[in-house]
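Here is how the chains run, residue by residue.
Protein chains: 2
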Amino acid sequence: MEEVERLQHYFQVLSDVNRLRIIKFIDKEKRSVSEIVKNSSMSQPLVSHHLKVLKNSHLVETQREGPFVFYQLTNPKILDILGLFEEMLPKENLVSDFSPMFCCPSWWGNSN
Amino acid sequence: MEEVERLQHYFQVLSDVNRLRIIKFIDKEKRSVSEIVKNSSMSQPLVSHHLKVLKNSHLVETQREGPFVFYQLTNPKILDILGLFEEMLPKENLVSDFSPMFCCPSWWGNSN
DNA sequence: TATTTATATAAGTAGTCATTTATATTGATG
DNA sequence: CATCAATATAAATGACTACTTATATAAATA
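Those protein sequence lines, which keep their order, are chains A and B.
Here our numbering is used: the first residue of the first sequence is 1, the next is one more, and so on.
Here our numbering is used: the first residue of the second sequence is 1001, the next is one more, and so on.
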């Protein structure tokens, strides 16, 4: 697998608010699935799904204790990376996602 | 817009090999669309599409010179961020994208 | 002004992924 | 062993987006 594809993969894994929230909630702790569910507005199966995605990418690891499964960050440095991103990425208003919001035709005088 | 949503947005923008390759090709230079097309295996409209996504997120900015439009990185620090990511992210084999590859049922003895 | 080159936009399509709903598995305990 | 609580999986669906093909715009030049 090419380096740029690995990058792409991880960006994709991280490009989901729910997964980001889970990562930030787990933080440096060990959190059971039910804790994560309670903390979030997601259904339990949805949380499990996202945890699986994170685990498949080795961003979290698990530890069973009786009926509970605890998740923790494989490498808490991921939190620093997120922090870096928040700092360094442009803070200008985003043109509505991928499809820009309606605007007049270009000959009206905007800069496109 | 919540901070975590901004994060998500940028991760999504970066979660595409073609866009990553464009960013890395532009590097610290000014590159015309046609240069980028030649350097890649993409069609011209596809390149334009990706450039628009990058521009909408203020990751690149443009400069017209006659018939040419030159794109450059708004902030070359993005290159450092990508470098950091490559270094810091886990290098274990990824379980095939989001859907894990076939494996035996769990009672066969694997660790799920 | 007609033509050519460089770039952007539009519409359509296929594939992917987040989410929901329903069900299965696993471990503990009565 | 039956039941309950915790978690995982499966199937179905809707939304989104990368990509293609076709066309439009914009600048330069004949």
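Quick caveat, the hints were computed from the structure, so don't treat them as lab data.
No experiment lies behind these values; they were computed from the predicted model shown.
Among the clues, some could well be false.
As the list claims (entries may be wrong) - Here are some of the chain B residues that sit facing chain A, going by a computed Cβ distance under 7 Å:
hint, residue
1, Gln1012
2, Leu1046
3, Ser1048
4, Ser1057
5, Leu1089
6, Glu1092
Glycine residues also receive a C-beta, built at the ideal position from the N, C-alpha and C atoms.
Do the hints match the structure? See the list:
1. Proximity of Gln1012/B to chain A holds as hinted, the smallest CB-CB distance being about 4 Å (cut-off 7 Å).
2. Violation of the interface hint for Leu1046/B is found here, the shortest Cβ-Cβ separation to chain A being roughly 14 Å, above the 7 Å cut-off.
3. For Ser1048/B, the shortest C-beta to C-beta distance to chain A is roughly 12 Å, which exceeds 7 Å, and the interface hint is violated.
4. Evaluation of the Ser1057/B hint against chain A yields a held restraint, the C-beta minimum of about 6 Å falling below 7 Å.
5. Checking Leu1089/B against chain A by beta carbon gives a least distance of about 5 Å; that is within 7 Å, so the hint holds.
6. With a least beta-carbon distance of about 5 Å to chain A, the hint placing Glu1092/B at the interface is held under the 7 Å criterion.
Figure legend: structure checked against the earlier numbered hints; hints not met, in rising order: 2, 3.
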